[in-house]
Amino acid sequence: MKISIDGLHKAFESRIRLGIMSALAVNDRIDFSSLKEFLEVTDGNLASHLKALEKEAFIGVEKSFIGRKPNTKYFMTTEGKKAFNDHLGVLEKLIRSQK
Amino acid sequence: MKKEQDYIQDITEIRSMMERSSKFLSLSGWAGIMAGIYALLGGYIAYTFLNFHPDELFYSSSGSSSFSLPEVILLAITILILALGTAVFLSYKRAGKRNEKLWNPTAKQLLVNMMVPLVVGGLLILFMVLKGLIGLVAPFSLLFYGLALFNAGQYTYQEVKILGLTEIILGLIGSWFVEYGLLFWAFGFGVAHIIYGIHMNYKYER
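Going down the list, the sequences are from chains A and G.
Note that our numbering numbers the first sequence so that position 43 is 55, with each residue one more than the last.
Note that our numbering numbers the second sequence so that position 114 is 148, with each residue one more than the last.
The set of hints was computed from the structure by calculation and includes no laboratory data.
Idealized CB from N, CA, C, for every residue including glycine.
Some hints could be false.
[Claimed, not checked] According to the in silico footprint, chain A covers these stretches of chain G (three or more CB under 8 Å from chain A):
(1) 54 to 66
(2) 106 to 112
(3) 133 to 141
[As the list claims (entries may be wrong)] Straight-line alpha carbon distances no greater than 20 Å define the calculated SDA-like cross-link-like pairs of lysine to any residue that follow:
(4) G:K37 with A:R27
(5) A:K48 with G:Y238
(6) G:K37 with A:F44
(7) G:K131 with G:Y238
(8) G:K57 with A:D40
(9) G:K37 with A:D43
(10) G:K37 with A:D98
(11) G:K135 with A:L58
(12) A:K22 with G:E38
(13) G:K135 with A:S46
(14) A:K22 with G:K131
(15) G:K142 with A:N83
(16) A:K85 with G:K37
(17) A:K94 with A:E52
(18) A:K93 with G:T46
(19) G:K57 with A:R41
(20) A:K85 with G:K142
(21) A:K63 with A:T90
(22) G:K135 with A:D43
(23) G:K57 with A:E52
(24) A:K22 with G:T46
(25) G:K57 with A:F44
(26) G:K135 with G:L145
(27) G:K37 with A:G101
(28) G:K142 with A:K22
(29) G:K37 with A:K48
(30) G:K142 with A:R41
(31) A:K94 with A:R41
(32) A:K81 with A:R41
Using the sequences provided together with the hints, build the complete structure.
In structure tokens, the structure reads:
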């Protein structure tokens, strides 16, 4: 399994991936360039993190065209929502238990 | 294994990202204060110098009221441009301070959601001016501006929603008591903006 010892999902170990999930949790759909702006990362970096989340089936991709320019939008899947909520729950528990 | 501080840091970043990606937070309280001052000055000029005090729904050039409609419209447009210009300029400065760009996806969201009520209201008011329904211009501008703010409130500070509701209520009262239309207008665009601006400045910019 991809769960580490403290019970946190490995996919969320990176702050950038956590950031992507947080932004998608409060927006229906976000396009690539907006995500890039929110996270202040390079194209390649963001693309690789998005790929990883896509592989986990936590996010979905929607490709379309605006005129001739390709426009890629991302959204959170039900699975991703559950994983993200679980992650928040575990974080909360961990903080409580260490107090 | 991570430490407690790391977990807390994670949560802080999650919160900040949720906020940054869904709300436009570069609005400046000073923009509200300045808009209010322009509006009060404008209202004063309209009343005393341009002799604009519509006390009836209809205005006819042959009637007792003797103000020049083009001058009043010019004044209104000047106030609007001044207020908008100040707001954009101050937001631009504030976005810089927060290390954000002014024109980001949340700004877009905010504008799109304001545009629908504003354009509809603007057109309706234009029609009313053309048909001579001058008495309702001031209260209707309050009403539609309030609706725009209420709509926009979802995408920025919560207080904008309250300001919107205030303008809507003033607009409704002003539509009934047409003779006090300009007074309610000055109160809504002037006093309410200034109070809102001071509150925002105090709460978020200190």
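Holds or violated: K142 (chain G) and K22 (chain A), Cα atoms, limit 20 Å.
Violated - the C-alpha atoms of K22 (chain A) and K142 (chain G) are around 34 Å apart, more than 20 Å.
With a cut-off of 20 Å on the C-alpha distance, tell me whether K135 (chain G) and L145 (chain G) pass.
holds, 15 Å
When you check the alpha-carbon spacing of K37 (chain G) and R27 (chain A), does it fall within 20 Å?
holds, 15 Å
Could you grab the alpha-carbon distance between K85 (chain A) and K142 (chain G) and see if it respects the 20 Å cut-off?
Holds - the C-alpha atoms of K142 (chain G) and K85 (chain A) are around 16 Å apart, at most 20 Å.
Sort out whether E52 (chain A) lies within 20 Å of K94 (chain A), counting only the CA atoms.
violated, 26 Å
Given the proposed pairing of K37 (chain G) with D98 (chain A), does the C-alpha separation stay at or below 20 Å?
holds, 19 Å
Has the given pair, K37 (chain G) with F44 (chain A), been kept, meaning a C-alpha gap of at most 20 Å?
Measuring from Cα to Cα gives roughly 32 Å; hence the hint is violated.
Mind checking the alpha carbons of K135 (chain G) and S46 (chain A) for me, to see if they're no more than 20 Å apart?
holds, 11 Å
Between K81 (chain A) and R41 (chain A), does the CA-CA distance stay at or below 20 Å?
holds, 18 Å
Holds or violated: K57 (chain G) and D40 (chain A), Cα atoms, limit 20 Å.
Given that 20 Å is the threshold and the Cα spacing comes to 14 Å, the pair holds.
Checking one constraint from the list: CA of K37 (chain G) to CA of G101 (chain A), max 20 Å. Satisfied?
holds, 16 Å
Is the coverage entry for the stretch 54 to 66 of chain G by chain A consistent with the three-residue Cβ rule at 8 Å?
It holds, with 3 qualifying residues against the three required.
Hints 2, 5, 6, 9, 14, 16, 17, 28, 29, counting from the list given before, are not met by this structure.
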